[in-house]
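A.B. asks: Single-letter residue listing:
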Amino acid sequence: MAAAARGGAERYFTRWYKPDVKGRPCEDFCVLQHSNRRVICVITLAEAHPLLQSGKTIKSINYQISANCSRLQNKVSGKSKRGAQFLTELAPLCRISSTDGEEYTIYSCIRGRLIEVNENILSNPTILQEKPSTEGYIAVVLPKFEESKSITQGLLTEKEYEEVLLKRLNSSS
Amino acid sequence: MSSLTEKDRPIVQLLLNTGTCPRCILRFCSVGSQMLYRHPYKDLMKVLKEFMKSNQEKEDTVCFDVVDPPCKRIRLEHPEEGPEDLNHNGALQQIPQVNDENTAMENSAVKVCNVCLGILQEFCEPDFVNKVCQKVNSADYQFTSFVFSVSLPPQLSVRERAAWLVLKQEMRNLGLSLAKDDIVQLKEAYKWIIHPQLSEELGVPADGKSLFEVSVVFAHPETDEECHFLATACPDCFKPAKNKQSVFTRMAVIKALEKIKEEDFLKHFPCPPSSPKNLCVALEIQCNNGAVFVAGRYNKYSRNLPQTPWIIDGERKLESSVEELISEHLMAEFKADSFNFSSSGREDVDVRTLGNGRPFAIELVNPRRIHFTAEEMKRLQQTINTSSDKIQVRDLQLVTRSAIGRMKEGEEEKTKTYSALIWIDKAIQKEDIVFLDDIKELKLDQKTPLRVLHRRPLAVRCRIIHTMRSEYIDEHHFRLHLKTQAGTYIKEFVHGDFGRTKPNIGSLLNRTADILELDVESVDVDWPPTLDN
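In order, the protein sequences belong to chains A and B.
Each position in the first sequence, counted from 1, maps to that position plus 169 in the numbering used here.
Each position in the second sequence, counted from 1, maps to that position plus 16 in the numbering used here.
This is chain B alone, in the form it adopts within the complex:
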């Protein structure tokens, strides 16, 4: 399918006459050779015209052979030079100026293609490639591959349909068939042409799975209203728009085109489509890197630090937070837009986290830098640790998104150990608390604590206290070490929460108990992997 044959002649003729560009013509002829599309616009035009003039008995493949070798030669001899050399004769200028430079080539001005509205014309040229690469380079991202995504104005689908209907009609009149499925999609052809050029200039390959995305949005305001007739023909395809965005999305338009009857289409839309005055415009060229994930474990040494910022009615109630103290340095190093902090459970403002610390993971959104060696991560960890005495981090490392799941499963399943400083109203002696050490697998029924009841559903939780170890201090104080199931409310186990946690220390000792201090001694999750820091 790499060449034009006899049956393509009427297609080429018709499309040339109605103002369709050479590459779109190749698409409608189902030409599948990517390399052919990469030829300069002028050369393709020339070849098509020669094809039309050539004798009907001659082999047509000859045309393309003639064109190929010179291009190939240029590529081989000057590998470091860009596509500019290939196109120095054929570069498409803005429509008004074309005639000045290329009067010999065309009888009339180079029209903007009535099907692709210039996408396969101007926007395949080195000038545009340069513009994109300049934007990418100035955005200063670290990347090893790219994916190029393109958003095309919906009316292109409408015009494609219009051109195809005309062709279908013509072919029918000639007693020939026109297969719809073999027609090359516009977006596909565009990527065939532009990927190698982008790849060459950026120095990295195009990869559909790449995390670095360069995206371009094209628009053609001149023809925006061309889709509107579809709303009257297929009203149920177009849902009311949210946020003042246009109802005529690409998906909605395609859906309507599938539904609409041929006669209705022909009634409302000019077939063949008219030649527009202007090219498309590239509205935005944006770059985005996929998120990176940094994991570690944190210790919390302050009894006055929330895990996340504590802001009520726009007013900050307590200075700083665990997540901010860790993330601010990561944000600076990775140069990300924003972050999402998550951890394997959390502790209250007034609770310390000791031992190996609590596992956490931070998602850094749209980072400019993504590559960090183990050494650099170690240094980053040191920076965080020297900047604050309220928190410390360890085992700081890059992880994959899927690793986060392991951290969250720890939250539900793994055990935690605590140390609580307990006050008792009525005097106790050593003997009075020794029995606690012998209690194993104590089952608790905990109603949702009153202190969180305003934001959690009312429920009863069964939780287990695996072991306890008491340390007598004086007649009104003792320290209790406990190992509990994940999700146990320790404070409520001590003071009883109005009898809504049963049993509790008060009920076990037949007194009133209160908790003065609580520390997390360990979070028994073996993730992230321990590093030799």
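Next comes chain A alone, as it looks inside the complex:
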């Protein structure tokens, strides 16, 4: 984990983790929570995620998660972001397939309104792998005001996540 000064756009964000989502090993996500009162969250892939390991090439990214729902059609208006698709923790954001035939679903990990999905990764999938915690983010979610403090209850702090990674290392060796 790059402990070096997180400069740039991430400076005011705290990292929270959700490992092994839906029981799938190492499919870990990192939620960046802004320090503002009404916390904006950025959903990203954690470094341990299979898609970020060397040798993986992304074939396609699809925001159409069901027949009726495309995350690309999310439209928000006004300060309160009316019209946004509402997400629960296990709501799928997108599906990514790699050239080796695997398919991965990216989940929201927190409850809230979907503000935007990152369209840059559609045109340029490599930034998802090169800069997963900044330019390669998946989506921006705005939790309900009342739930601002509680959204992190289902997530691990950076320290707790490091212990999970340590356990994995030990169990595999």
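Calculated directly from the structure, the hints in this document are not laboratory data.
None of the values given here were measured: they were computed from a predicted structure.
Careful, some of the hints might be misleading.
Stated by the list, open to error - Think about it this way: if two alpha-carbon atoms lie no more than 16 Å apart in a straight line, the pair counts; the simulated EDC-like pairs of lysine to aspartate or glutamate are:
#1 K225(A) <-> E272(A)
#2 K300(A) <-> D441(B)
#3 K318(A) <-> D329(B)
#4 K300(A) <-> E216(A)
#5 K191(A) <-> E258(A)
#6 K499(B) <-> E457(B)
#7 K463(B) <-> E288(A)
#8 K518(B) <-> E288(A)
#9 K293(B) <-> D240(B)
#10 K207(B) <-> E217(B)
#11 K328(A) <-> E216(A)
#12 K228(A) <-> D269(A)
Stated by the list, open to error - Short derived list, chain B residues pointing at chain A, Cβ under 8 Å:
#13 R467
#14 R471
#15 P473
#16 H511
#17 F514
#18 A529
Glycine included, C-beta positions come from ideal geometry on N, C-alpha and C.
For this one, chain A is given, so just place chain B on it according to the hints.
C.D. replies: Only chain B this time, still in chain A's reference frame:
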């Protein structure tokens, strides 16, 4: 129209009998001479009674001529004495005491007028004028003119209508007409009488456009329920009340009176209106000065100072603010109730404002003091500047409300220049950043920055960076001077905001960039006018 004529006789007779005061009688006779209303109550009563007694063939204008000269003489001989002298015989006391002093004048006690409820009686007298002026003087306002506004209880309109209906009926029976439009409005007559008295005692003229307002609210609780019948007759005129205030507002009552049919009115309200037991009461006498505006430019030298107070959940997160440091001295000098601070854009807590500073304007609400010389403003500016090293102000001056518009247009249209201290992750050499100096009119697409996204709508803004100038420091640092369009997010242009501002310094240099320090070098608005400080 300055005198009573034959056709007024039945009006005068009827109104005298039903307990209407002389001034209201003059109003219903459409007497338009302001001076006549100013005569003392007793004199007017006397004149009316004589008019009623006089022979029908005689000229009636004689009555008023007799009364005029003595009053005029008194005024001319004793200009410095107040209206007390005129009225020393005629002063209306509280109803129970009147009989003691003026038994010779009246057969019965002086009744409270059944139409004006005493407004054109007691509340035209010097005692009341004194009371108002005392309140004004003790409130210690600076003013050069005044506007006197009066709020009358709604039932006065109802009673006026009732009296008029009776008169109309009577005139019809006599085969005469009664014009409604020529009747003098109560408020108008009241101001004819009281303005000169207030003006004399306060030493300044009455002026409808004055910023200094003296307001009086009258009430007559005894008859408050008289309006209620209108709610059953015209229910849609009366909307549900907010804040527990009475539904029977003056406007609502007037609207209902316009709608209600004559027969319905006569059914529900006694015509002529009854004589009340008590006078109106003056509930509040309040003074208010129109807002004054102070403008200037401020510099901010602290990287730990918000522009406006930073309070979350009742807890102050950072001490003080730009607006408080400037306004507290203005509030003290102008003795205002409150202030509204606005500026041509603003900067973050950790950003300094250098150069000529940022234009601002402060509205001071209900100031007690309004006149300040250029010298005094200069001294006020010095006071602010010596009291804090975090901010400094210049060009402090009084401006008009309309001038604020110029400041706000600057916010949208004018350019700003900045100086940013930039950090780069991978080593750079001088040659690597020189190309930035040649980029002109760089177009940016900036999505609403994540740091403000919780309180702003999601949108994409096109903004232009007009020019840039780089200063190499070392392999990981350089300073960038930029001139940009108003509304450009500089920090996001440097670090890219997760790629949501494109292009950005990181993308231009193919590295990761961060902004360590930001200063506003200039806000290119040529307002307020520069003063020779």
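A.B. asks: For this structure, which hints from the list above don't hold up?
C.D. replies: none
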